[in-house]
Amino acid sequence: MIRKFRENDLDNIMSLWLTANIEAHSFIDESYWKNHYDFVKEMIPKAEVFVSESDGTINGFIGLIDHNIAGIFVKNSKRSKGIGTELLNVIKCKRETLHLHVYKHNRRAILFYQNAGFEITAEEIDIDTSEVEYLMTWHQSSLNSKPTTSDKNIS
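The opening residue of the sequence shown carries number 29 in our numbering; numbering runs sequentially from there.
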């Protein structure tokens, strides 16, 4: 089930955020993520966040600020089971254009987003990590139709 973020989700979401970032970004020192933990924890409630939950357990979440996806995070044991796609489709129903940044070394994420209709539109250096990252963009179009997920599927 996909639902809107509730304040009591914050600790579980942050645990997932930290673990998923460390797992997905082995090319970035773990201390980077730990040093940004408090800042992200403060920002999560300010974003539009949706969680994927089953049996009372949060398996993934997506954060959106305006038209920018702050990230999709899915538990390692639940990856490649459609959770990320479900979360992304919820957001695609809410915006006609979406943007996100993804590290060039994160090939799995790049392929995921490309399969979801995103295109690489720019390449830049992340000043904080000195890593190359791509700006990826998705536009709703006749070729890239809007997903059928509706608000009635979100509790």
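To be clear, the hints were calculated from the coordinates, so they are not data collected in a lab. Keep in mind that the hints are not guaranteed to be accurate.
When the alpha-carbon atoms are kept at most 25 Å apart in a straight line, the in silico DSS-like pairs for lysine-lysine are as follows [said to hold, decoys possible]:
| hint | residue 1 | residue 2 |
| --- | --- | --- |
| 1 | LYS32 | LYS106 |
| 2 | LYS132 | LYS32 |
| 3 | LYS109 | LYS32 |
| 4 | LYS132 | LYS109 |
| 5 | LYS122 | LYS109 |
| 6 | LYS122 | LYS62 |
| 7 | LYS74 | LYS109 |
| 8 | LYS74 | LYS32 |
| 9 | LYS122 | LYS69 |
| 10 | LYS120 | LYS62 |
| 11 | LYS122 | LYS32 |
| 12 | LYS132 | LYS106 |
| 13 | LYS74 | LYS62 |
| 14 | LYS62 | LYS106 |
| 15 | LYS32 | LYS120 |
| 16 | LYS69 | LYS103 |
| 17 | LYS103 | LYS62 |
| 18 | LYS120 | LYS74 |
| 19 | LYS120 | LYS109 |
| 20 | LYS103 | LYS132 |
| 21 | LYS120 | LYS103 |
| 22 | LYS74 | LYS103 |
| 23 | LYS106 | LYS120 |
| 24 | LYS120 | LYS132 |
| 25 | LYS103 | LYS32 |
Just so we're clear, the structure is a prediction, and the values are computed from it rather than from any experiment.
Structure-based check of all given hints:
1. Pair hint LYS32 plus LYS106 holds up; C-alpha atoms about 19 Å apart against a cutoff of 25 Å.
2. Among the hinted pairs, LYS132 with LYS32 is inconsistent with the structure: their alpha-carbon atoms are about 30 Å apart, more than 25 Å.
3. Using a Cα cut-off of 25 Å, the hinted pair LYS109 and LYS32 holds, with the two alpha carbons roughly 20 Å apart.
4. Restraint check for LYS132 and LYS109: the C-alpha separation of about 23 Å stays at or below 25 Å, so the hint holds.
5. Between LYS122 and LYS109 the alpha-carbon distance is near 23 Å, which keeps this suggested pair within the 25 Å criterion.
6. Distance restraint check for LYS122 and LYS62: the Cα-Cα separation of roughly 31 Å exceeds the 25 Å cut-off, and the hinted pair is therefore not satisfied.
7. Restraint check for LYS74 and LYS109: the C-alpha separation of about 28 Å exceeds 25 Å, so the hint is violated.
8. A hinted pair counts as satisfied when its Cα atoms are at most 25 Å apart, and LYS74 with LYS32 qualifies at roughly 13 Å.
9. Distance check on the hinted pair: LYS122 and LYS69 sit about 24 Å apart at the alpha-carbon level, within 25 Å; holds.
10. Distance hint between LYS120 and LYS62 is unfulfilled; the C-alpha atoms sit about 30 Å from each other, more than 25 Å.
11. Of the supplied pair hints, the one linking LYS122 and LYS32 holds, its CA atoms being roughly 13 Å apart against a limit of 25 Å.
12. Annotation: proposed proximity of LYS132 to LYS106 holds, straight-line Cα distance about 23 Å (limit 25 Å).
13. As the CA atoms of LYS74 and LYS62 are separated by approximately 20 Å, the hinted pair is consistent with the 25 Å bound.
14. Proximity of LYS62 to LYS106 is assessed by CA-CA distance (about 23 Å); at most 25 Å being required, the pair is judged to hold.
15. For a cut-off of 25 Å, the pair hint linking LYS32 to LYS120 stands: about 15 Å separates their Cα positions.
16. Our distance criterion of 25 Å between C-alpha atoms is met by LYS69 and LYS103, whose separation comes to about 18 Å.
17. Restraint check for LYS103 and LYS62: satisfied, since their Cα atoms lie roughly 18 Å apart, inside the 25 Å limit.
18. Only pairs whose Cα atoms come within 25 Å are accepted, and LYS120 paired with LYS74 is accepted, the gap being roughly 19 Å.
19. Pair hint LYS120 plus LYS109 holds up; C-alpha atoms about 19 Å apart against a cutoff of 25 Å.
20. Note on LYS103 and LYS132: the hinted pairing holds, with a Cα-Cα distance of about 21 Å set against a maximum of 25 Å.
21. A distance of roughly 21 Å separates the Cα atoms of LYS120 and LYS103; the hinted pair therefore holds under the 25 Å criterion.
22. For the given pair, LYS74 sits about 22 Å from LYS103 by alpha-carbon distance, which is consistent with the 25 Å threshold.
23. For the hint linking LYS106 to LYS120, the alpha-carbon distance of about 21 Å falls within 25 Å, and the restraint holds.
24. With a CA separation close to 23 Å, the supplied pair LYS120 and LYS132 stays within the 25 Å bound.
25. Annotation: proposed proximity of LYS103 to LYS32 holds, straight-line Cα distance about 18 Å (limit 25 Å).
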